Amino acid sequence: MKLNAVHSLGVVTPQRMQFDAPFACASGAQLPGFELVYETYGTLNADKSNAILVCHALSGHHHVAGLSSEDPKSAGWWDTMVGPGKPVDTNKFFVIGVNNLGGCHGSTGPGSHNPASGQPYGSSFPVVTVDDWVASQALLADRLGIRQFAAVMGGSLGGMQAMQWAINFPERVRHVLAIATAPSLTTENIAFNDVARNAILTDPDFHGGDFYQHGVVPTRGLRLARMLGHITYLSDDAMAGKFGRGLRSGDYQYGYGIEFEVESYLRYQGDKFAAYFDANTYLLMTKALDYFDPARLAGGSLRRAFAPVSADFLVVSFSSDWRFSPQRSRQIVQALLHNGRNVSYSEITSTHGHDSFLMENPHYFDVVRSYLNNVAAEGARP
Amino acid sequence: MSRPLSLLAEERPDFAAIARWIPANARVLDLGCGDGSLLRYLKEVRAVRGYGVEISDADIVSCIANGLNVIQNDLESGLADFEDNAFDFVILSQTLQATRHTAQLVREMLRVGQQGIVSFPNFGHWKNRLSILNGRMPISPELPYQWYDTPNVHLCTLHDFEAFCREHRIEILDRRVMGGGREVSVLPNVFGSTAVYRFRRQA
Numbered sequence: 002m003k004l005n006a007v008h009s010l011g012v013v014t015p016q017r018m019q020f021d022a023p024f025a026c027a028s029g030a031q032l033p034g035f036e037l038v039y040e041t042y043g044t045l046n047a048d049k050s051n052a053i054l055v056c057h058a059l060s061g062h063h064h065v066a067g068l069s070s071e072d073p074k075s076a077g078w079w080d081t082m083v084g085p086g087k088p089v090d091t092n093k094f095f096v097i098g099v100n101n102l103g104g105c106h107g108s109t110g111p112g113s114h115n116p117a118s119g120q121p122y123g124s125s126f127p128v129v130t131v132d133d134w135v136a137s138q139a140l141l142a143d144r145l146g147i148r149q150f151a152a153v154m155g156g157s158l159g160g161m162q163a164m165q166w167a168i169n170f171p172e173r174v175r176h177v178l179a180i181a182t183a184p185s186l187t188t189e190n191i192a193f194n195d196v197a198r199n200a201i202l203t204d205p206d207f208h209g210g211d212f213y214q215h216g217v218v219p220t221r222g223l224r225l226a227r228m229l230g231h232i233t234y235l236s237d238d239a240m241a242g243k244f245g246r247g248l249r250s251g252d253y254q255y256g257y258g259i260e261f262e263v264e265s266y267l268r269y270q271g272d273k274f275a276a277y278f279d280a281n282t283y284l285l286m287t288k289a290l291d292y293f294d295p296a297r298l299a300g301g302s303l304r305r306a307f308a309p310v311s312a313d314f315l316v317v318s319f320s321s322d323w324r325f326s327p328q329r330s331r332q333i334v335q336a337l338l339h340n341g342r343n344v345s346y347s348e349i350t351s352t353h354g355h356d357s358f359l360m361e362n363p364h365y366f367d368v369v370r371s372y373l374n375n376v377a378a379e380g381a382r383p
Numbered sequence: 004m005s006r007p008l009s010l011l012a013e014e015r016p017d018f019a020a021i022a023r024w025i026p027a028n029a030r031v032l033d034l035g036c037g038d039g040s041l042l043r044y045l046k047e048v049r050a051v052r053g054y055g056v057e058i059s060d061a062d063i064v065s066c067i068a069n070g071l072n073v074i075q076n077d078l079e080s081g082l083a084d085f086e087d088n089a090f091d092f093v094i095l096s097q098t099l100q101a102t103r104h105t106a107q108l109v110r111e112m113l114r115v116g117q118q119g120i121v122s123f124p125n126f127g128h129w130k131n132r133l134s135i136l137n138g139r140m141p142i143s144p145e146l147p148y149q150w151y152d153t154p155n156v157h158l159c160t161l162h163d164f165e166a167f168c169r170e171h172r173i174e175i176l177d178r179r180v181m182g183g184g185r186e187v188s189v190l191p192n193v194f195g196s197t198a199v200y201r202f203r204r205q206a
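In order, the protein sequences belong to chains S and V. Whatever position you read off the first sequence (first residue = 1), add 1 for the numbering used here. Whatever position you read off the second sequence (first residue = 1), add 3 for the numbering used here.
These aren't lab readings, by the way, just hints derived from the structure by calculation. Please read these numbers as outputs of a predicted model, since none were measured by experiment. Be aware that one or more of the hints could be misleading.
Reference listing, derived: stretches of chain V covered by chain S, where coverage requires no fewer than 3 residues with Cβ under 8 angstroms from a Cβ of chain S [what the hints assert, rightly or not]: (1) 49-61; (2) 66-77; (3) 80-92.
We treat Cβ as the ideally placed atom computed from N, Cα and C, and that holds for glycine.
Using the sequences and the hints given, assemble the complete structure.
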């Protein structure tokens, strides 16, 4: 029997929050208002001090844990991590998952109706940043009456949001769990994102971002973008272990069809992704990744960027993650040490590459569980 | 999960010796901190601002569970995460003898800390000498390993360590030598089983 079945949250229903005030983006653009879709798990305590915000990565969304009310077969993307008795224990914490602004899972995004034009936003949807996400999440926290989070956590792009929270709202975050993340993308990472974006931008069905009106979807571009991304989220060892040089039909076909198992896998992943993900959201998420660089506004110094931070940190990296390497996590640790902050750092031995942060791994889960047990034992800070 | 502090002090006489040197609220870095017992002890009795460095996965979880700051890293690859003079004290407790690049590590200790503290098993203890005289490598509570599976690649005596300090321009500020659970003052290099030193860079 799978552990998950025992400790499941059961069916979870997403909620919506409407914000009518104009929202100024970091880019200077303005949204007339917006809506966020979110899920919550567990119970908010009387002094509202036990909330944990889980920030999602590039292709994530608000459905973090439990089974979706819209599709009861669909477990949340971090269901192994979040739930009753799990490392992020919903018996102790009130956990919030939110689909980011610009997303394609219900929050206002490029596919949403633009009240000004009467059409989907499409190309007119502003490029949003990690700063914008944190600002919009803070508005949601205000509405939920949460003055201070026990923790803000996330992996990859989610970890970037968690760090930005600690920088922008030091008094509202007691702990940050920054997992498989980095203080900025490497040049190589930006290059990968550029190729992915180019695949979408050059798809004839993209129509400059306004494909909705044409009744088409830039599926080819989105597929390619996902296939490329997927390769980089794994490790050479993980792919070799899973597929090797395995051939689907047992022998070479001397053609360009799907022959190797890895080709079949990648195309399947690409197709699956392209069937539900929005191309504009993909562009926007990769751009938010590229732009994230808190040191930029602090004279190039991450140490100075982290000066306002008062939260305690748990930083976790994975040995085989070459997109967000342990070395990048160490830079976060160094900046926190420089500022005299409480910080623990663990490098998890794992073969699954960047995707490791989404995988069940007993030691990784012990690290998170041990850390959060102590968080649960303490109260709100003044 | 963790033993009571009183028990810890009894089992590890070097803990109490180290604590006596450290003023309240000092900034302390404990290298090879294990499950964090010493840091926890120092936090309790001296309210230190402490960080540990440890390589073992299981110990990392123990430290985190004990509410300690711990950085997972291999000491042998240096202390690059830490800035010059970031700490008042850098401690290397019962680990010196197991380090490969010993001189480099001690140099690093005195880069990131004002003072260093090391404790190590005294290879010059009479029981060890006797064992060698009898033709066998010593095995004792302080040196519990067989010669073929010991992590202790750099064992030394009190005299060896003091000579090392002279050669590397390190000023020894204090020394405590323990044997049989109490302090040894007569012929420490013979009767001491564990030594604890406090030192700094020579001016």
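Consistency of the hints with the structure:
1. Check on the stretch 49-61 of chain V: 3 of its residues sit with their Cβ under 8 angstroms from a Cβ of chain S, so the three-residue criterion for coverage holds.
2. A count of 10 residues in the stretch 66-77 of chain V with a Cβ less than 8 angstroms from any Cβ of chain S is obtained; the coverage claim is therefore met, three being the minimum.
3. A count of 4 residues in the stretch 80-92 of chain V with a Cβ less than 8 angstroms from any Cβ of chain S is obtained; the coverage claim is therefore met, three being the minimum.
Of the hints listed earlier, there is not a single one the structure fails to meet.
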